[in-house]
Amino acid sequence: MIYGVKDTPPVGKLLLFSLQILLSVFTATALIA
Amino acid sequence: MFISNSGAFVAPVLAALAAGGYTAVAVGGLVAAVVYITFGVIFKYVPIENLYKVMPKVLIGSVTVVIGINLMGFIPGYIGDTGITGVCIALITVLAIALSSHYFKGALSMFPFLIGTLVGYVVSIPFGLVDFSKFNGISLIKLPTLAFTQWQAVDFKTLIPIIVVYIAFTISAICECLSDHAALGGIVGVDLYKEPGLARIFVGEGTANLATACFGGLGACSYGEGVAAVGFSKCASVKTTCTAALMMILLGFFEPVQAFIASIPSCVIGGGTACVLYGFISASGIKMLKQVDLNVQKNLIICSVVLSLGISGVVLGGATFSISGTALALVAGVVLNLILKEEKE
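These protein sequence lines map, in sequence, to chains A and B. Quick note: the first sequence uses this note's numbering, first residue 2, plus one each step. Quick note: the second sequence uses this note's numbering, first residue 4, plus one each step.
Calculated from the structure, these hints are not laboratory results. The structure presented is a predicted model; accordingly, all values stated were derived computationally and were not measured. All C-beta atoms in this analysis are idealised placements derived from N, C-alpha and C, irrespective of residue type, glycine included. Be aware that a few hints might be false.
Said to hold, decoys possible - Not everything, but these chain B residues come out facing chain A in the computed CB check (under 7 Å): (1) Phe107; (2) Glu228; (3) Cys238; (4) Ala239; (5) Ser240; (6) Met251.
What the hints assert, rightly or not - The calculated SDA-like cross-link candidates involving lysine to any residue, where the alpha carbons are at most 20 Å apart (straight line), are: (7) B:Lys301 to A:Gly13; (8) A:Lys14 to B:Thr210; (9) B:Lys60 to B:Lys242; (10) A:Lys14 to B:Leu117; (11) B:Lys344 to B:Gln300; (12) B:Lys242 to A:Leu16; (13) B:Lys301 to B:Val334; (14) B:Lys242 to A:Met2.
Starting from the given sequences, assemble the full structure and let the hints guide the process.
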């Protein structure tokens, strides 16, 4: 892992990582909804 | 761990809606929360080592493989009726993810799914697969219909069967929660059963169920897709997951962002990224199994049975309660592990 459980990535990367998680879970969420 | 609306709760939610509308759904969410929190309290006092005796590495590894393979069944549905064009765009998305993940250096290598999605989106435009009509007539901010605004008085007698159904389905979802956390723990290299601990994990899942029943109207469970996204980006930061959750909540209020994400063709976001994500989950399970001695008969039997029951689609139960897939495989694996004695060397 580049960033561990308790690490805080820089703001820009944090937002991009978050968007990446969001996209990965979005399909399943939309499918169920 | 990302927790959101779960397919595991679709059947009880539909039953609750039919019996008592969103009030019954909220009661169901409360029941799920109580069951989760009860398990949380139990695991606060039961030493975690007892759970390891019940769920050894061979079981966790096999169940992780099953989780990934079962999710793969959704991929053809994501590609839908887009035919060969959709399949080709899904494969282009996969290729973009693979190349960016393997060859890009530095920060760019950390965002293969964003890059793959962007490439797939752009390639889809000339084929008319991007639905720009999603942007028609949208406003900047719109308050979604919240479940609690639909509550009304319900006869308690109609809720009793709903309560029973929710208890059964929550226990099944707990099995899924355990295996998802085992998979995530293996990927990030932290024993999540110990830190933050099963007690806090279950209380978190219970609270999420209560919140989603009151605001959105569905049940919630941990997401295998989120597990794989963490593994691929190599970012296990809790703050990242919290930000993603906050973004997901805000998404419900901002129509332009909703429209943009809804306009991404399902063959890109589902067919393309899911191919890599779901395979990654199974690959993580195989990685765990590599550390297990499959020459030991007990390990071999547990692995074989878990894979067969988990993937075959066998369903145990009926309309009121049924257990299948990952949950059935996990229960069968636990039982086998308890009744088969260790071999003497």
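(Q) If you test the structure against every hint from before, which numbers come out violated? (A) 1, 7, 8, 9
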